[in-house]
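Engineer: One-letter residues, chain by chain:
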Amino acid sequence: MDKRTPLYEKHVALGATIQSFAGYMMPIKYDTIQKEHMAVRESVGVFDLTHMGEFRVTGKDSMAFLDKLLTNDASVDAGKAYYSTMCYPDGGIVDDLIVYRIGDQEYLMVVNAANLDKDWAWVQSHLQGFDVKVENESDETALVAIQGPRAQQVCAKLTDVDLDGIGYYEHSTDKFAGVDSLIARTGYTGEDGFEIYMKYPDAETVWDAVVKAGEEFGITAVGLAARDTLRLEVGYPLYGNDIDHSTTPIEAKLGWVVKLKTDKPFIAREILEQQKVEKPGRYLVGMKVIGKGFPRHGTPLFSGDRKVGIVTSGSIAPALGQAVCLGYVERGFQKRGNELEAEVRGKRIPIKIVKIPFYTEGSRK
Amino acid sequence: MSNIPENVRYTETHEWVRKDGDKFVIGLTDHAQHEMGEIVMAELPEVGAEATKGDAMGGLEAVKTAEDFYAPLDGEIAAVNEELESNPALINEDPFAGGWLFAIKASDDSQFDGLLTAEEYKTHIGE
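These protein sequences, in sequence, are chains B and L. So the first sequence is numbered by my numbering: it starts at 1 and just counts up by one. So the second sequence is numbered by my numbering: it starts at 1 and just counts up by one.
Hints in this document: simulated from the structure, not taken from any laboratory. Heads up, a few of these hints could be off.
Each pair of labels, with its calculated beta carbon distance range [unchecked claim]: (1) L:46 with B:322: 17 to 25 angstroms; (2) B:83 with L:123: 50 to 58 angstroms; (3) B:240 with L:68: 24 to 32 angstroms; (4) L:79 with B:347: 53 to 61 angstroms; (5) B:4 with L:5: 46 to 54 angstroms.
If the Cβ cut is set under 8 angstroms, some of the chain L residues that face chain B in the computed set are [stated by the list, open to error]: (6) 1; (7) 4; (8) 41; (9) 61; (10) 64.
Glycine included, C-beta positions come from ideal geometry on N, C-alpha and C.
With the hints as extra help, turn the sequences into a complete structure.
Structural biologist: What follows is the structure, encoded as structure tokens:
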């Protein structure tokens, strides 16, 4: 039986198309994907992301534990956050996640809903030897995201916190819409915006307050379908599509979240170090479609007769009015400007490797 | 419930077909456009191309899915809906009129009578 978020009735009342996703009944779209997408690009949208998983890490060895488990460096200041991958010993990716440093000895890991059980088991299996406590707060923590160039104007009405003082990937624990919240300037859209974490019973209060505060800006509820086109348009990888156990952060161009410049040991360090030096056999690239047709997840890529890659995400980029995709291509074929062909339903469609992000006008600070 | 007008015939691959003078106009059914979601690109056949019943004549791309569409009759492509080039959403908004896909000059008009009736199509899609 799929779970419902505390905002489920709100989605029903808004007439959302609701589908099962990662064990939750989630709003896929309320209106059209294009309208929701453009609302976030041009003004502001509100998302229920309660399906995301939250693990709280506390104790003396919190930093050492996360440094072992995650590829990125946990030594950020309290009040800051970092993006990281979590790898298997073979360098494949368990998940990608955001970690908020709450205090000296306290962190909050936010993981993908679809990976929650796997991640929890992985985290649990590495506790030995660390003076650390990890609690799974996923079933009591709601997440409401407010994203778009008007997001700060909406949020400023609902909190006394000086939002200008919260930079990108920073956060503050304070009242929001009158309830205890973690207010973070993070997101997955390429726009400025905030992610507000709160306890389940407070979610409706926050949602209603955000909708009311956003009225003057035409705030729009945004479902998971537009969340996917928004992230693709700025080239953010999606676990399960673009990254998974069979890909490494080096291949996925996520080398910037692998702390090879530190001397900290972490799972998969040696293999990733070696791959960085020797260069991986393939790279994740962004591609624009030149011809008609849409390459999708699984579409093969060719250079002449030779298969040189595969598409991992493909869809329309609504703000650009054309199809874009992410995919892996063999080393040697990844250069920007390089032209390849995607084979879509038996036909070859010309595509061109381009710079990520595809969309560069975002308000992200 | 889908809109299934009685004045057109249907295929199992979710095209509707309307007799219009000496041609047959073809589009995507309301049921199919609803299933596909927002259509963002239509790839149409060339006018003058040969159409063979059951062959793919073009493709439709929605945000999440893609589908080919098929010739319901043998003949020759007599016209295509150029409007879809700039406004493919017409297929969602007005599937039985403004969102038509293409027209065929049939080589044997009697094939039309073998297509599904509204009642049969309704059963086909389980409504």
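Engineer: A separate judgement is required for each hint: does it hold in the structure or not?
Structural biologist: Hints, verified against the model:
no. : hint                                : result
1   : L:46 with B:322: 17 to 25 angstroms : holds, 22 angstroms
2   : B:83 with L:123: 50 to 58 angstroms : holds, 52 angstroms
3   : B:240 with L:68: 24 to 32 angstroms : holds, 27 angstroms
4   : L:79 with B:347: 53 to 61 angstroms : violated, 23 angstroms
5   : B:4 with L:5: 46 to 54 angstroms    : violated, 38 angstroms
6   : 1                                   : violated, 16 angstroms
7   : 4                                   : violated, 21 angstroms
8   : 41                                  : holds, 7 angstroms
9   : 61                                  : holds, 4 angstroms
10  : 64                                  : holds, 7 angstroms
Violation of the numbered hints given earlier is confined to hints 4, 5, 6 and 7; the remaining hints are satisfied by the structure.
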